[in-house]
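Engineer: Join these two chains into a complex; the hints should help.
So you can see what is in the structure, the chains are spelled out below.
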Amino acid sequence: MPNEAGGSALRGRRRSAEAAPNADVRRARRSARARNWSLFVLFTGPNILLILAFTYWPLISNVYYSTLNWRLGSSNATFAGLDNYVRFFTSPGGLEVWRITITFTLATVVGSMVIGLLVALVLNRRLPGRTIARTAIFAPYVLSGVGVGLVWLFIFDPNLGLLSHVFRFFGEASPQWFIDPDLALVMVIVVYVWKNLGYCAVVFLAGLQSIPNDLMEAAELDRAKPLTRFFRVTLPLLSPTVFFLTVTTILSSMQAFDLLRIMTPTGNGTNMIIFEVWLQSFGAYQRAGYSAAISVVLFLTMLVITSVQMRFVERKVHYA
Amino acid sequence: MSHVRTSEHDPVQGTQHDTDRGTQHDTPEDTPVASPKPRARSRGRSDWAEAFAPRNLTATIVAGYLPILLALLIIVLPLLWMVISSFKPNPEIITLAPTFWPQNPTVGNYEYVADRVPLGRVLMNSVITTSVGAAVKVFLAITTAYALVFINVPFKNVIFLGILVALMVPPEVSMLPNYLTIAGLGGLNTLWGIILPGLGTAFGTFLLRQQFKTLPRELIEAAELDGAGHWKRLWRIVVPVSAPTIATVALVTIVGEWNDFLWPMLITDDPNVMTLPVGLNLLRSIEGATGTYGVLMAGAVLVIVPVLVIFAALQRYIVAGLTQGAVK
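So the protein sequences, as listed, match chains B and Z.
Just so we're aligned: 178 in my numbering is position 164 of the first sequence, and the numbers increase by one with no gaps anywhere.
Just so we're aligned: 295 in my numbering is position 185 of the second sequence, and the numbers increase by one with no gaps anywhere.
Next up, chain Z with everything else stripped away, as it sits in the complex (with noise of 0.2 Å):
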């Protein structure tokens, strides 16, 4: 995967001053993911002074914000009538002349999905198999990340490029063969059984070898001169230097963990089991012929608007890691 970028830059001095703008240093500069730099931040009163000034007005406007408010319009209007309507009571659903905001707002969606489904055990199952997961992902990550890059064996290069090749298969294709694994360990129906077959991770591997492979050497050299062995190396000098990209590489796995639906269908019929996507899949083979939206678009405000809130507040983060590749 050679198209993947690695980066030139010094991570020291970028980290050092860096850690609290992101992942800065390992995002491309033409990146549209990176926070403003100093200099399009001075750019900025330029901007608006060029974009409204009378001569641009018209472009401005035709070319610039109509085409982007129609966009957001496209993008955001779905998620606004789904949160709209899952306070909406149901008379207010199943009408030929709907309002946009609702009239006599209600939880009561809420409530009539927690009561079709065991909705504080489905919440808890899916937070603890994202965290478990994607902590033992990102954990498995970083230690085999740095005895890629820094513990010095032979055929080294081989066993990382088994690791790549294992990035290109979906999980998918393996759906039969590890369910027929999980349930002759006994685990249909368990939390273990939804977690174990994803924790080998290929892709925040590739990510932060690519990662530590641009830490200077005399950084680790000194740290080796100082009796630290490599565990102590790892924790004290890599992991501190290295945090954005594994946040980046945290985030990535966190939301792929929680959206992650095909698995966990499979692996579990018991609600009790039932991560969040699985439990609204049942949630809609039970209330989809009967048009009982408000209590569906209850169910997907649930799934939605954790991730949402995370992406807002960490898009970098995330933008980067899942872009990664994109950009040489």
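In isolation and in its complexed conformation, chain B is listed as follows (with noise of 0.2 Å):
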């Protein structure tokens, strides 16, 4: 933050210029400063109090949680060093939530851009009508996780959904989307890119539009096929929004929750991790412990995430 930094040096150099005011100037600037203080402290208390209490103290606490060997309503814990996280690296069931987070993240991410690029495509052509139609494919993502699922459930319903008709009409019994856990996760990863598309569309669609409209120009006089033009000038040009979207997007699919938790409530086959935490603590089991140890390492992926957009966006996706 360049600006920041400027202004203190400049804050610096105006304290060193006045090295010796007398001491009513000195009193009335202290006075001033402590005006300014409690001010601030007035303005901003509330919002940093509640930020303390109800993120960073439950971080710390977590950390602490992650090291008992607790039951959730239990007054007696011991104290288990690294247990469970060990086991949420090694155990059979740690291992099943691990490789579902990754099919659900991974499915969700490409899944969602690639049909969200491909959207973004047909819009950035000059088609009236076409802000209808961005409004309509974004609108899912701003509706209840919980309604979503409602809806997605009665239509994925084997006897039925509007799917199992369609299946009928083929002559094709529907496969039964709520036994089968491979096929639970498929359901969820098809809703989840279902609600989220319209976010990646919109997105792509502003990226697009920033690119320069005499570079394409000068492609299509260079007679660069379309595909050709896709891949030489589109895509690279994108690259920051690509970038900025898988980061946004790993994130926000390594949170889904309402939607599992609604379409499969015991979570067989789609208990990725946030579902995981809940289910440890407050779902079929009660191990606090356990569940605070998945919930440290859940903070501890998404700050690495974060922290390698943060350094790349400063260093070399930016082109404009």
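Treat the hints as calculated values from the structure; they're not laboratory data.
From a predicted model like this one, the values you see are computed outputs, not experimental measurements.
Where hints are given, some of them may not hold.
To give a feel for the contact side, a few chain Z residues facing chain B, derived at Cβ under 10 Å [said to hold, decoys possible]: (1) Leu-187; (2) Pro-188; (3) Val-242; (4) Val-263; (5) Lys-266; (6) Asn-369; (7) Val-411; (8) Phe-421.
Pulled from the structure, derived: some chain B residues nowhere near chain Z, Cβ distances all over 10 Å [what the hints assert, rightly or not]: (9) Arg-44; (10) Ser-45; (11) Gly-108; (12) Trp-112; (13) Ala-147; (14) Ile-193; (15) Asp-194; (16) Leu-197; (17) Ala-232; (18) Leu-235; (19) Asp-236; (20) Phe-245; (21) Leu-251; (22) Gly-283; (23) Val-291.
Per label pair, the in silico range of CB-to-CB distance [said to hold, decoys possible]: (24) B/Thr-104 <-> Z/Val-415: 44 to 50 Å; (25) B/Ala-187 <-> Z/Val-193: 26 to 32 Å; (26) Z/Leu-180 <-> B/Leu-63: 48 to 54 Å; (27) B/Arg-237 <-> Z/Trp-211: 50 to 56 Å.
Positions of the beta carbon are idealized from the N, C-alpha and C atoms, including for glycine.
Structural biologist: What follows is the structure in structure tokens.
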């Protein structure tokens, strides 16, 4: 943040220029500073206290809880060291959560970005009426995950759902989406992509519209084929957008919960990381210590992803 | 989070002309979110002519409207099916040959929802938690952002950094400790227990700070010379001038609070204190097994349609807020 650095340097210089003010001035300045501080505390205090109490304090307590062998609601806990972490990284249950988390995240990130880009490319044509289309395609992104989950629960129902009617039309039996864990995962991935692709489309569209027109015209004059133009001009120029979306969609996919909980209440085959945090402490089990350890791992993972992003964004991906 | 774009426009000029056009000045020009500019509008007619010229017609339809229609169908059909099904009596749902439109439309499903969960209470709880939560959050975001920009104290940037880092902590990570805190305070099955932990706001503070920083110094200094204190400067000058950004923060917050599920679900098991999404989760566990999907669709309509209406009316602000940071 160059501005801030410059600001403080300036402040330092100002202070030294006024090296020897008389006592009155100094007192007045001190009281002004005190007044500023009390005002600052008044303005920011409540918000900062809330953030400390409900964001920072939990981070610290999670680290503490994660070292305990402790059931939620029980009054005795024993020290467990790193057992909870070891368990999450080595036990079959823990590895299964990793597998599901990675599958879900990869599939939803790639799915919503690829489809989002396709939609954005179409919407980038000057078609009358595209504003309405854009609005409609973005809409699912703002809807309640619970509501959307209910809607798709009905669509996927193997006996009564819209999809089952389609399967029946082709003479096939509907897959058992709710029973087979792998199919359940496919199902929630499809719905999650449906809900989030509009976000990717709108962000991609903004990226596409920031590509200078003359570049495309130059490529056209060179008789570059549409596909060549896409891969040689459009995509490289979109790289900052691609990078940004990759990071943000990874982060939000890792936080998916509402949809999964509604569509697959027991998490059989779909208990990715947040689901597991909930399931372990509040759901089927009461393993608070283990749940806290998973929370810590989740937080660290997200921290790493975010810092990689900040690094990169500052370095090279920006071209404009 | 340096990827977030700061606006370099003259906000004063922008706002005087733009308040009726929404977040124009804090939305990058290249965002599709911005309302059509006069330039774009005058191009509208030629867009039609261009798109439907005989030589372009095939391309327009095959590469333009067909994919758009397909995308719209995929997006809209499930929602339409939800609304239609919510008015179908049960026999029309439990059938192998469903009709598109309800043959005997009924509001029975809605009455049934109201019978199973205390619908009035649940709706009211959602309205209360959403409005109180959003109002407090926006208020705190405004005062915090103002202090961070306009009140001169040392270490201000360190404090801001602390707030920024909080932005990266997903609330789900804090659920267990927060549950213990709120339970310890006696907040289980209370509305304040639902509202309180979410009140600290990093997102709103961040967005508003970016906006406040673009305000011209002279504007604030003029007010200072007139003898207006910080409180007056904030509400008389800074807030009115930043109305579109504040609206953006408010709308995104309202939608977020309305949809919030995990935390209210942890903190309530009494239907009388549940918010709508939690009530629907309960409904799903009662009705899901029996396949009374008309009832579930009625519930889904109740949680989805209010947001759809707000979104349709004010999408510019909401999309701008949600895609902040996406566009440089």
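Engineer: All hints, please: hold or fail.
Structural biologist: How the hints compare with the structure:
With 10 Å as the threshold, the beta carbon of Z/Leu-187 comes within range of chain B, its nearest partner Cβ sitting at about 8 Å, so the hint holds. Interface hint status for Z/Pro-188: upheld, as the beta-carbon distance to the closest one in chain B is roughly 5 Å, under 10 Å. Given the 10 Å rule on beta carbons, the hint for Z/Val-242 is violated: about 14 Å separates it from the nearest Cβ of chain B. For Z/Val-263, the interface hint holds, since its Cβ comes within 10 Å of a Cβ in chain B; the closest pair sits about 5 Å apart.
Checking Z/Lys-266 against chain B by beta carbon gives a least distance of about 8 Å; that is within 10 Å, so the hint holds. Evaluation of the Z/Asn-369 hint against chain B yields a held restraint, the C-beta minimum of about 4 Å falling below 10 Å. Satisfaction of the interface hint for Z/Val-411 is found here, the shortest Cβ-Cβ separation to chain B being roughly 8 Å, below the 10 Å cut-off. Of the supplied interface hints, the one on Z/Phe-421 holds, with its beta-carbon coming within about 5 Å of a beta-carbon of chain B, less than 10 Å.
Residue placement check: B/Arg-44 keeps its beta carbon more than 10 Å from all beta carbons of chain Z (closest about 13 Å). The claim that B/Ser-45 is not at the interface with chain Z holds, since no C-beta of that chain comes within 10 Å of its own (minimum 14 Å). No Cβ of chain Z approaches the Cβ of B/Gly-108 within 10 Å, the least distance being about 17 Å, so the stated non-interface status holds. With a closest Cβ-Cβ approach of about 17 Å to chain Z, B/Trp-112 is found to remain outside the 10 Å limit, as its non-interface label requires.
Non-interface call for B/Ala-147 relative to chain Z: violated, since the shortest CB-CB distance, roughly 5 Å, does not exceed 10 Å. Residue-level check passed: B/Ile-193 sits 13 Å from the nearest beta carbon of chain Z, beyond 10 Å. A cut-off of 10 Å between C-beta atoms confirms that B/Asp-194 is not in contact with chain Z; the least separation is 18 Å. Every Cβ of chain Z is farther than 10 Å from the Cβ of B/Leu-197; the closest lies at roughly 17 Å, confirming the non-interface assignment.
Taking the minimum C-beta to C-beta distance to chain Z, about 20 Å, the non-interface status of B/Ala-232 holds against the 10 Å cut. A cut-off of 10 Å between C-beta atoms confirms that B/Leu-235 is not in contact with chain Z; the least separation is 19 Å. Residue-level check passed: B/Asp-236 sits 21 Å from the nearest beta carbon of chain Z, beyond 10 Å. Residue-level check passed: B/Phe-245 sits 17 Å from the nearest beta carbon of chain Z, beyond 10 Å.
At roughly 12 Å from the closest C-beta of chain Z, the C-beta of B/Leu-251 stays outside 10 Å, upholding its exclusion from the interface. Every Cβ of chain Z is farther than 10 Å from the Cβ of B/Gly-283; the closest lies at roughly 17 Å, confirming the non-interface assignment. For B/Val-291, the requirement that its beta carbon stay farther than 10 Å from each beta carbon of chain Z is not met, with the minimum near 7 Å. Checked against the hint of 44 to 50 Å, the pair B/Thr-104 and Z/Val-415 passes, with Cβ atoms roughly 47 Å apart.
Taking the beta carbon of each, B/Ala-187 and Z/Val-193 are about 28 Å apart, inside 26 to 32 Å as hinted. Distance hint check for Z/Leu-180 and B/Leu-63: the Cβ-Cβ separation is about 51 Å, which falls inside the suggested range of 48 to 54 Å. Roughly 52 Å separates the CB atoms of B/Arg-237 and Z/Trp-211, a value that falls within the hinted 50 to 56 Å.
When each numbered hint is compared with the structure, violations occur for hints 3, 13 and 23.
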